[in-house]
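Please model the complete structure; the sequences and the hints are all you need to start from.
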Amino acid sequence: MITNILITLIAVFGHLEDFLGTTLLSRPLVLGPLVGLVLGDVTQGIIMGATLELIFMGNIKVGAAIPPDVITGGVLGTAFAIMSGKGTSIALGLAVPISILAEMILSGLFIFRAVFNKKFEQYAEAGDIQKFQRLHIISGLLKPLLMGLIVFLALFLGADAMKVFLDMIPLWVNDGLKVAGNMLPALGFALLMHVMFNKKVAHYFFLGFILSSYLKLPMIAIGGIGIIIALVITKFTEQNFDSDDGDETADGDEAMSSLSKKEVRGIFYRSLALEANFNFETCQNTGFAFSIIHVLKKLYKTKEDISAALKRHLQFFNTSPYGSTLILGVAAAMEEQNAKTKDFNPESINAVKVGLMGPIAGIFDSLFWGTLKVVAAGVGASLALQGNIIGPVLFIIIYNGPHLWLRYKLTFIGYTQGNRFLQRLSGSKLMDNLTFGSSIVGLMVVGAMPSLLMSVNTPIEIGTGDSTVALQGILDQLAPGIIPLLLTFLTYFFLKKNVKVTLLLLGLLVLGFLGSMFHIFI
Amino acid sequence: MIKLTRIDDRLVHGQVAFTWVPSLGVDCLLVANDKVAQDDFQKMTLGLAKPAGVKLVIRSLEESIQFLNDEKNKSLKVLILINSVTDASVLVNGVTEIKSINFGGIRSGEGKRLISKSVAISEEDSTLIHTLLEKGVELEVRQVPTDKKQMIETLL
Numbered sequence: 002m003i004t005n006i007l008i009t010l011i012a013v014f015g016h017l018e019d020f021l022g023t024t025l026l027s028r029p030l031v032l033g034p035l036v037g038l039v040l041g042d043v044t045q046g047i048i049m050g051a052t053l054e055l056i057f058m059g060n061i062k063v064g065a066a067i068p069p070d071v072i073t074g075g076v077l078g079t080a081f082a083i084m085s086g087k088g089t090s091i092a093l094g095l096a097v098p099i100s101i102l103a104e105m106i107l108s109g110l111f112i113f114r115a116v117f118n119k120k121f122e123q124y125a126e127a128g129d130i131q132k133f134q135r136l137h138i139i140s141g142l143l144k145p146l147l148m149g150l151i152v153f154l155a156l157f158l159g160a161d162a163m164k165v166f167l168d169m170i171p172l173w174v175n176d177g178l179k180v181a182g183n184m185l186p187a188l189g190f191a192l193l194m195h196v197m198f199n200k201k202v203a204h205y206f207f208l209g210f211i212l213s214s215y216l217k218l219p220m221i222a223i224g225g226i227g228i229i230i231a232l233v234i235t236k237f238t239e240q241n242f243d244s245d246d247g248d249e250t251a252d253g254d255e256a257m258s259s260l261s262k263k264e265v266r267g268i269f270y271r272s273l274a275l276e277a278n279f280n281f282e283t284c285q286n287t288g289f290a291f292s293i294i295h296v297l298k299k300l301y302k303t304k305e306d307i308s309a310a311l312k313r314h315l316q317f318f319n320t321s322p323y324g325s326t327l328i329l330g331v332a333a334a335m336e337e338q339n340a341k342t343k344d345f346n347p348e349s350i351n352a353v354k355v356g357l358m359g360p361i362a363g364i365f366d367s368l369f370w371g372t373l374k375v376v377a378a379g380v381g382a383s384l385a386l387q388g389n390i391i392g393p394v395l396f397i398i399i400y401n402g403p404h405l406w407l408r409y410k411l412t413f414i415g416y417t418q419g420n421r422f423l424q425r426l427s428g429s430k431l432m433d434n435l436t437f438g439s440s441i442v443g444l445m446v447v448g449a450m451p452s453l454l455m456s457v458n459t460p461i462e463i464g465t466g467d468s469t470v471a472l473q474g475i476l477d478q479l480a481p482g483i484i485p486l487l488l489t490f491l492t493y494f495f496l497k498k499n500v501k502v503t504l505l506l507l508g509l510l511v512l513g514f515l516g517s518m519f520h521i522f523i
Numbered sequence: 006m007i008k009l010t011r012i013d014d015r016l017v018h019g020q021v022a023f024t025w026v027p028s029l030g031v032d033c034l035l036v037a038n039d040k041v042a043q044d045d046f047q048k049m050t051l052g053l054a055k056p057a058g059v060k061l062v063i064r065s066l067e068e069s070i071q072f073l074n075d076e077k078n079k080s081l082k083v084l085i086l087i088n089s090v091t092d093a094s095v096l097v098n099g100v101t102e103i104k105s106i107n108f109g110g111i112r113s114g115e116g117k118r119l120i121s122k123s124v125a126i127s128e129e130d131s132t133l134i135h136t137l138l139e140k141g142v143e144l145e146v147r148q149v150p151t152d153k154k155q156m157i158e159t160l161l
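Heads up: the protein sequence lines correspond to chains A and B, in order.
In case it helps, my numbering puts the first sequence at residues 2 to 523.
In case it helps, my numbering puts the second sequence at residues 6 to 161.
These aren't lab readings, by the way, just hints derived from the structure by calculation.
Please read these numbers as outputs of a predicted model, since none were measured by experiment.
From the three backbone atoms N, C-alpha and C, an ideal C-beta is built for every residue, glycine too.
Any given hint could turn out to be false.
To be clear about the criterion: a stretch of chain B counts as covered by chain A if any three or more of its residues have a C-beta under 8 angstroms from a C-beta of chain A, and this derived list gives those stretches [said to hold, decoys possible]:
hint : region
1    : 13-20
2    : 24-32
3    : 51-64
4    : 116-123
Take a look at the structure:
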């Protein structure tokens, strides 16, 4: 019973990510080891988490497009597999369908949450900051609580039945699932290629493959080489873009700004809960208001003013959480101007928000999902697959180091420099170089993934009698890891042909099963 | 060649820059919008969001129609971005090449109803949609390229 509760808490923690700044603490790479810890087998948990991470690699949240719920699926899959003493293949076999089911429940919740919008409007109308904040938090807690309940019920009611069911699975199915499980990462990699791979940068993919396959370099080294190449190619060191430091001016210009450094920092902390009340109708609107509500409270003294400001920020809003603080900073500065000057047009605040949210999402989604997540997961998973706990730890650090630093800085830059910063940015070549450079790093790491992170071999032998030669031996001389690479390209090819993801998933499963039954793959 | 005509009221953002552009392999983003074409601030921010190696063209609707019908531009692989059903029907009337329209995102508001996770339409939109359907234009809802195409007539 205690175990069930602890595992439920892990799932709840994963879903609490919406309050924790979308810091990827919810990924299987992180939650797997926690489940392992509770069940007394950390190493298994690390390995299962890493394997799930690979399969869900290309599974990312862009805009309002919701991917399978890998939190619920991953936690339950890992837990059932360890509890019944089965291997990674079972964890996979369970996690994939559960994730897809759980995603449907989540979609339902995101539709349902819109019901609260009326309430938010009422509170805004009344200028009731307390109730407004409370509802944002309560509605945000619905997701972790609901999914936690589901996980608990599944464990409580299903664990025994699941064990009986899993014990009935014959050996050949287990073997097939194992081979299929080894093939599934090809889909994750292909999904990444789908958004990153094109003729202009294709050679960096192959460079990544060669470095990993022939030179046997670890993922960290390949990422490092990628960064150096990117710096050289974009001549990064030769350009100087100075973003005169945000924090310096924040408390220096007392006459200009009435917000203290602490209050600006408060925007950053509050922005971590930006996505807590995400819903399909207005997306992150209450999260935006929640993030600067303390600023509004300070700036506006009358109930009418507070009410007007709250209502203003209830408009549709959706952007990348990682770059959100820049917009929040700009909005805070504009609110301040509005509070101070009589003839300021408050409509312009929303105009700027609307103008910025798309572009900021475009930049930060590409940088964070397209590069940083890929590098962090590549490095983390490559270590974790060997059962090394450093893997998940590095994953969190590589991703959140830059994330939190930038998110913090951008709050001050937005507040003190606002649109001037953007103008300077658009005048420089920095953005172009940054996106191009990061695509090089990302693609090199993806290129290294098939040979480093996938293991699909063939037991086929050629010839008869004494003169048999193992096909795998020949392939290894040609290019180690060629089978994973070809599988990845095959999946990518079908993806390009608009074949559905679920169909590809099934296809790889069938290929794995058949390959295992006919002894083509092990 | 027009690769995709997309209604998305955030115009260039994550889904566009990060999923559609690479997936379609386009080399030109055309933002067709009367208001944005006049607005230097928006032009600047859209320029920032533009993916590397892609040309960004921001024009009014009328100029966009000229741009798309210009023989010189036929070699470009274009992704057209517009932000309303009204603008979509203007483009369809002006450019015969547009046979299909992707509904990416239209936020909800007064008098609108959600017909999918990310698309809300008004009564007026609904009328325009019926006219477009009668003309034989394909109207499909997808946020990202790997989504399943949902035909709009099944959602109304």
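We went through each hint and held it up to the structure:
1. Coverage of the region 13-20 of chain B by chain A holds [criterion: at least 3 residues with CB-CB distance below 8 angstroms; count 6].
2. Proximity of the region 24-32 of chain B to chain A, defined as three or more residues with a beta carbon under 8 angstroms from a beta carbon of that chain, is established by the 4 residues found.
3. With 8 residues bearing a CB less than 8 angstroms from a CB of chain A, the region 51-64 of chain B meets the requirement of three and the coverage assertion stands.
4. Look at the region 116-123 of chain B against chain A: 3 of its residues bring a Cβ nearer than 8 angstroms to a Cβ of that chain, three or more, so the hint holds.
This entry satisfies every hint, going by the numbered hints stated previously.
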